[in-house]
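Chain by chain, the residues run as shown.
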Amino acid sequence: MIRLQNLTKRYGKFTAVDGISLEVPRGELFGLLGPNGAGKTTTMRMIAGILRPTGGSIHVGGMDMLARPLEAKARLGFIPDRPFVYDKLTGGEFLRFAAALYGQDGPAVERRIDELLEIFDLGPWKHELTEAYSHGMRQKLIICGALVHRPELIVVDEPMVGLDPKSTRLLKDLFRQFVDRGGTVLMSTHTLEIAEVMCDRIAIVYKGRIAASGTMDQLREQTESAAMSLEDLFLKLTGGPREHHLDAVLGR
Amino acid sequence: MEGTPSQPGIWTLLTPKWRGALARLRQERRGSWGRLLLFSVVGGAFWAAIFGVAFRVLSYIQRVEDIGDLLATKVLGVILLALLSILLLSNIITALSTYFLAKDLDLLVAAPVGGVRLYLAKLTETVVHSSWMVALLALPIFTAYGIVYSGGPLFPLVAVAAFVPYLVMPAVVGVIITMFLVNVFPARRTRELLGLVGLGALVTVVMLLRFMRPERLARPEGFESFVDYLAELRTPTSPMLPSEWTADMIMNWLLRVADPHPIALLWGVGLAAVTLGALVHRWLYHSGFSKAQEGAERKVRRPLRGPLGALLRSMPAAKREFIYKDLRLFFRDNTQWSQLILLAVLLMIYIFNIKSLPIHSGERIPFSLVMIISFLNLGLAGFVLAAVAARFIFPAVSLEGRQMWLLRSSPLDPQAMLWSKYWTGTVPLLVLAMVITTLTNWLLQAGVFMMAVSLGTILLYTLAASALALSFGVFYPQFGTENAAQIPTSFGGVVYMMASLSLLALVIMLEAQPVAQQLRAHHRGEGLGVTPWLLLTGGAVVVILVTATILPLRLSAQRIERMEIASGGVE
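Respectively, the protein sequence lines represent chains W and L.
Heads up, the first sequence is in the working numbering, so the first residue is -9 and it goes up one at a time.
Heads up, the second sequence is in the working numbering, so the first residue is 83 and it goes up one at a time.
Everything labelled a hint here was simulated from the structure, so no lab data went into it.
A couple of the hints might just be wrong.
With the C-beta cut set under 10 Å, the calculated list includes, among others, these residues of chain W facing chain L [to be verified]:
| hint | residue |
| --- | --- |
| 1 | Arg16 |
| 2 | Leu41 |
| 3 | Ala57 |
| 4 | Lys63 |
| 5 | Pro70 |
| 6 | Arg86 |
| 7 | Ala90 |
| 8 | Tyr92 |
| 9 | Gly96 |
| 10 | Pro97 |
| 11 | Leu119 |
| 12 | Ile132 |
| 13 | Val145 |
| 14 | Leu182 |
Chain L side only, calculated, beta carbon under 8 Å to chain W, not exhaustive [to be verified]:
| hint | residue |
| --- | --- |
| 15 | Asp188 |
| 16 | Pro398 |
| 17 | Ala399 |
Pairs of lysine to any residue, SDA-like flavour, derived with a Cα cap of 25 Å [to be verified]:
| hint | chain 1 | residue 1 | chain 2 | residue 2 |
| --- | --- | --- | --- | --- |
| 18 | W | Lys116 | L | Phe412 |
| 19 | W | Lys226 | W | Asp77 |
| 20 | W | Lys116 | W | Gly96 |
| 21 | W | Lys226 | W | Gln167 |
| 22 | W | Lys162 | W | Gly51 |
| 23 | W | Lys78 | W | Lys116 |
| 24 | W | Lys197 | W | Gln208 |
| 25 | L | Lys401 | W | Glu142 |
| 26 | L | Lys401 | W | Asp77 |
| 27 | W | Lys156 | W | His117 |
| 28 | L | Lys185 | W | Asp71 |
| 29 | W | Lys78 | L | Leu393 |
| 30 | W | Lys116 | L | Arg484 |
| 31 | W | Lys78 | L | Tyr406 |
| 32 | L | Lys373 | W | His125 |
| 33 | L | Lys373 | W | Asp190 |
Even for Gly, the Cβ is constructed at its ideal location relative to N, Cα and C.
Just need the whole structure built from these sequences, with the hints factored in.
Printed below as a string of structure tokens:
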């Protein structure tokens, strides 16, 4: 469903993404992990067609994102890390607008909007301006926006930030069922527990490159770290400190 | 705990602002040379034009016997009064953002920073943000005064000393009004309310200026006697306002009059105002800031469907909903739609002025005057349209701002988005252009030929001015802005105004001579004929205006395709 070949993004002399190649087949939930500034969000935004790569290629459902961006984008739903929506639109109007961007309108879309808002407990807020929504409610609204046109692929950057436990559980179930029905999810997260429980395969990104990728067992094999937790694997691959000298920071 | 921690200086508190400005400047320098060149040429031409007009008018006034100096003082007072009204409005809009809604406030308010320092740092920010454009405009005017009246090498210092308190006082007034309002209304509603209050203030000043009729000063024959005229000149326009004190301080220096009153008033009242502002800040800021974090509007007042829905129903879903979305955002944001009131008032004043021109009062008017007035009308209509485009079309792309991720990740063609924004803004502007041009030419009894020239020119100019406004908005977007009303006064907005006015001047200069020849021939009783010269200049005007429409739209379409959107805005 997603094929990245030698994907590169440079900002001046700084290389944010350094030749990433990756393939995510249909029906898989794939996780991108990495420390802050590793290049995850840049990668996600290139896949969503928001940033243009400096080099390499992106194919979504067989469509080249650079050569045929509109066809490629029609297949995906993107959920960004920060939920910026139009303050002066109501939740219902925002979702109607999001559907229209994918060329969809009419009674079927109206039913879909009601269903989505109901599932995410936003039904009573449908006719209220989003400027009155909390951070979590906005996050749920943009998730609805990514689902409203029934995408084949969901690209989601830090999905759980700002969500309450009930919504987090709902989202986990939703992604799992979406994948079980043939959909594909590419998710970036810092929450290692969520990645470990939810993802079929994981790639650990470090300094713009993929340091390791595969299932949990494959990752352990690659790093020769049998029975290690994902947290320990992550720290081993990304050079995290094993020992913290906190006295210097906290000491008086 | 030991004593209070040492306090950061005001300069330190402003570090993110000036460092940010420097970084933006460096980025600009690294950007294309073409943009820099365009800005230098357009900016230089605009500045030179203001200086040229001010210099010629002042040189003429200075030579008028007995009353020249009085007239020069009066003109400076009226200019500064008009600028003061702009400053007041600008400060009211800016103060709410800088003191209550800015992103850096969480950090600053949570830090152990003293109230006075925070107040002064934010006051500095407010003054700079709201006044830089006025200062830029005043510079060539002051320069002209300095040169015509031989102000000497110390004149720039005197001008700065007179201008700084003039800029600070309306800022303090804006801050004090904001403090009171935020404590009474929730911040988001206050922003809308402030827009209306500011608008009311501006409308009042514009009306006042209108009813003072400063143009009478240019026609002494309209007064009963010369003594009346002199009395009018000697009467201060606004003795209680800093604009008058600044004008007096500058003119006293230029005319070598030793009068300390204006200096004492400017600096004394200025410092007292800053102190009063600090007291109000101490009294009201904390509770106001707390309230500003609350209170968003929840319910929608009026859904937007109806006749427009029927009209747009045949369009594809994406285009139709895009237009709906833009209209909803515009009419639900009081800071946006309320500008229409100002526009209506300005138009009324404009049409009223045209109507009250004494050209059809029975006395014989030279033909050249009718010509000049007709072209002046074309220029003024063009200016109004360029300003309206700056207010409503220039911010169109910036207002997408942080929501651009949605548009760019969807299969919406960026060119279709640009096209939709272009026509949503241009169609109402075209209607406005046609109405004011037809109405004013009819009031001027301009004749069929002049009406046709005006309508044709204004039609093509409106298309070009809209394209330029939208394109400058793409090239100089303000995605991170906290207040939509500030977008047109940004750097890009000013460059757009300069570019569109330069284009207008070029078109009028090209048209003036051949059209005047035709009308003169008609005046002599000869028939209107199409001369090669008329065809050539007409063709040149069409080519220029069509190019000024298509080229910027093409360039901005390419630019928007290449635009990169980081998670918090555009990179």
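Hint numbers not upheld by this structure, sorted from lowest to highest: 1, 3, 10, 14, 15, 19, 21 and 33
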